[in-house]
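Trainee: Going line by line, the protein sequences match chains A and B. Heads up, the first sequence is in the working numbering, so the first residue is 1 and it goes up one at a time. Heads up, the second sequence is in the working numbering, so the first residue is 1001 and it goes up one at a time.
Treat the hints as calculated values from the structure; they're not laboratory data. Do not take every clue at face value.
Far from chain A by the CB rule (all over 12 angstroms, computed), these chain B residues [said to hold, decoys possible]:
{"#": "1", "residue": "Phe1014"}
{"#": "2", "residue": "Trp1108"}
{"#": "3", "residue": "Thr1121"}
{"#": "4", "residue": "Thr1149"}
{"#": "5", "residue": "Val1181"}
{"#": "6", "residue": "Leu1192"}
{"#": "7", "residue": "Arg1198"}
{"#": "8", "residue": "Pro1206"}
{"#": "9", "residue": "Tyr1256"}
Capping the alpha-carbon separation at 25 angstroms, the derived lysine to any residue pairs in SDA-like fashion look like this [as the list claims (entries may be wrong)]:
{"#": "10", "chain 1": "A", "residue 1": "Lys147", "chain 2": "B", "residue 2": "Glu1111"}
{"#": "11", "chain 1": "A", "residue 1": "Lys176", "chain 2": "B", "residue 2": "Lys1052"}
{"#": "12", "chain 1": "A", "residue 1": "Lys147", "chain 2": "B", "residue 2": "Pro1206"}
{"#": "13", "chain 1": "B", "residue 1": "Lys1052", "chain 2": "B", "residue 2": "Gly1078"}
Since the model is a prediction, treat every value here as computed from it, not as a measurement. All residues carry an ideal CB built from backbone N, CA and C; glycine is no exception.
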Amino acid sequence: MSFERPAARVADVEPDDLLNKRGPLGPPQSMPARPQSPPTQPYASGLGTPAGTEPGLSVTLRGLRAFYGANEAVRGVDLEFNANEVTAIIGPSGCGKSTMVRCINRMHEEIPGARAEGKVLLDELDIYDGAVDVVAVRRAIGMVFQKPNPFPTMSVFDNVAAGLRLTMRGRSQGSKAELRAKVEAALRSAGLWDEVADRLGEPGAGLSGGQQQRLCIARSLAVNPEVILMDEPCSALDPIATLKIEELIDQLKRRVTIVIVTHNMQQAARVADRTAFMLDGRLIEVGATQEIFTTPGDPRTEEYVTGKFG
Amino acid sequence: MSARGASAQQLARFAVAPSRRRRDRLARAGILAATAIALIPLALIIYYLLRKGLGSWSPSFFSSDPTGNTFFRSASIGGIKSAILGTIEIVALASAISIPVGIGVAVWLVEYGKDGRLASTVRFFIDVLTGVPSIVFGLFIYIVLIVGTGTSYAGYKGSFALGLLMLPVVTRSAEVILLLVPNGLREAALALGAPRWRVIARIVLPTALAGLLTGVLLAVARAAGETAPLLFTAASTLKTNLNLDQFTNSLPVQIYNDVTSPTTAVVNRAWGAALTLVLMIGALNVIARLIAHRSRLS
Ligand SMILES: Nc1ncnc2c1ncn2[C@@H]1O[C@H](COP(=O)(O)OP(=O)(O)O)[C@@H](O)[C@H]1O
Ligand SMILES: [Mg+2]
């Protein structure tokens, strides 16, 4: 299936309204429900439920292909990211890791001339279905980028609140107290609250690089996603900041499914439950991280993880 | 290579050749001379402006309209109040028209049009518009709004001419600034699920604000000093006039009229008005620079 239709629908959606009910493709499928929370009100709980009680969702790629114009960067990938696991994607640069990950929250289609084919299932819902609202997809599947990118005009507080303010109508944003509670919960989840509690009003860009990256993680957590995609989130950070993020990833996987692209093999070994190896736009091998690094099934994987190329 | 003491042979390898030193000195002298030549007229302009302009300044110079009297030494020739206010009014209306349109076009070019055919065409016409001599804008408005409608001169017609003149300047500077906004910010906002128009309104424009303001102020400063677009659109008048539907005085046009007068006092008034105009435009430039200095993007 291809999606050369208008990239973004500008309709505001209620947080739990993953499906655009006026969509062109007839009867909407039901949104995949989180097992332990009623699907109609998953975001109503102010301070947020304790980490771990709202599991993430699995993501399945079926024959995913991605193009930049005529250049095929991802060439048919079938891959499952299990719920509440960390899956690392490794591979030499230019092999299509970023492109594949950006297809998962439909950011790929923001690039002029880019398109994707195949299926991406969030639990069981095909997010490329015509009735699915791209805005809702991106709220459910958050993203953290290589370079920390807090909004430079905004304070620490406003950065975290940005996701809520940018995606919801005024009245569904809730009261000020609710917003504060959500921001605090997100900052706590990102392990940043203790460091910034007394300077919420200062510019987010004034934090250190590692803090900025955790601020970006808090920003994506604030809208309560089920999946978080991280594209080399530590490559601009020093080793200590990197360690903090890795610890954070370990905690976050209790409430979200995490896909992390990394060029750092040790990092994959430290944080990932499963690891996928890509080469030239194809998935070569996926398996338990331990296996990929010790007893890979494919000679190319072995060459890569032992540093013979890449 | 030995650590202590370099041999004369080794030193010679690194010594500056005399001919190169000579050429260097010559080049420096040449550049210095060129700079001096460029600065001399600038210094002279400032000198004459201050010497002749300050002489005609007085409190009543700013608070009275020109009287039109140029014959009787005993009677006052009046000041430049109507010209100052007229310039502010005309330029304000021109800005109110051209700034929103110009920034809107720039937003469209950067955020939607990108490198498409239509965007390239728009860019081409903006470039052409940038090169059009200012008198042509006046001529255009004169033909369309004065000859075409069979009506008379009016301040707002001058504003239209100045607005046309400002439009490409505003658009181009805004486009450059919007392109400086890191793409990562747009992506971050889009990845949060924000619709594109909100990304522009809440992230891109606020981030670019300082730079946009700088460009806008420079465009305003440029328009404030233009004479040609106003000569046969807003024309000139003596009285202070808050109604832009009438003939409206302006500093550049009054300077133009005064300088051609045979009366010394009136010519001196032109110098006073010129100094005033230069200071007003200079202030805009200084403000623009201060804002640019604080910009997050530079
Ligand atoms: N914006 C883009 N426009 C065109 N081609 C791109 C773009 N981004 C990536 N590519 C191409 O797609 C391929 C995969 O790139 P990418 O997904 O960034 O690889 P990785 O993240 O593994 O380094 C590369 O050949 C690259 O040249
Ligand atoms: Mg990449």
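Trainee: Evaluate each hint against the coordinates.
Mentor: Status of each hint after checking the structure:
1. For Phe1014 of chain B, the shortest C-beta to C-beta distance to chain A comes to about 40 angstroms, beyond the 12 angstroms cut-off, and the non-interface label holds.
2. The claim that Trp1108 of chain B lies off the interface holds: its Cβ sits roughly 15 angstroms from the closest Cβ of chain A, which is beyond the 12 angstroms cut-off.
3. At roughly 17 angstroms from the closest C-beta of chain A, the C-beta of Thr1121 of chain B stays outside 12 angstroms, upholding its exclusion from the interface.
4. The beta carbon of Thr1149 of chain B sits about 41 angstroms from the closest Cβ of chain A, which is more than 12 angstroms, so the claim that it is off the interface holds.
5. Look at Val1181 of chain B: its CB is around 9 angstroms from the nearest CB on chain A, not clear of 12 angstroms, so calling it non-interface is violated.
6. The claim that Leu1192 of chain B is not at the interface with chain A is violated, since a C-beta of that chain comes within 12 angstroms of its own (minimum 4 angstroms).
7. With a least CB separation of 5 angstroms from chain A, Arg1198 of chain B falls inside the 12 angstroms interface cut-off, contrary to its annotation.
8. With a minimum CB-CB distance of about 4 angstroms to chain A, Pro1206 of chain B fails to clear the 12 angstroms threshold, and the non-interface call is violated.
9. Listed as a non-interface residue, Tyr1256 of chain B keeps its Cβ farther than 12 angstroms from every Cβ of chain A; the least gap is roughly 44 angstroms.
10. Using a Cα cut-off of 25 angstroms, the hinted pair Lys147 of chain A and Glu1111 of chain B holds, with the two alpha carbons roughly 22 angstroms apart.
11. For the hint linking Lys176 of chain A to Lys1052 of chain B, the alpha-carbon distance of about 62 angstroms lies beyond 25 angstroms, and the restraint is violated.
12. Proposed proximity of Lys147 of chain A and Pro1206 of chain B is supported: the alpha carbons are some 21 angstroms apart, at most 25 angstroms.
13. Proximity of Lys1052 of chain B to Gly1078 of chain B is assessed by CA-CA distance (about 17 angstroms); at most 25 angstroms being required, the pair is judged to hold.
When the structure is compared with the earlier hints, violations turn up for hints 5, 6, 7, 8, 11 and for no others.
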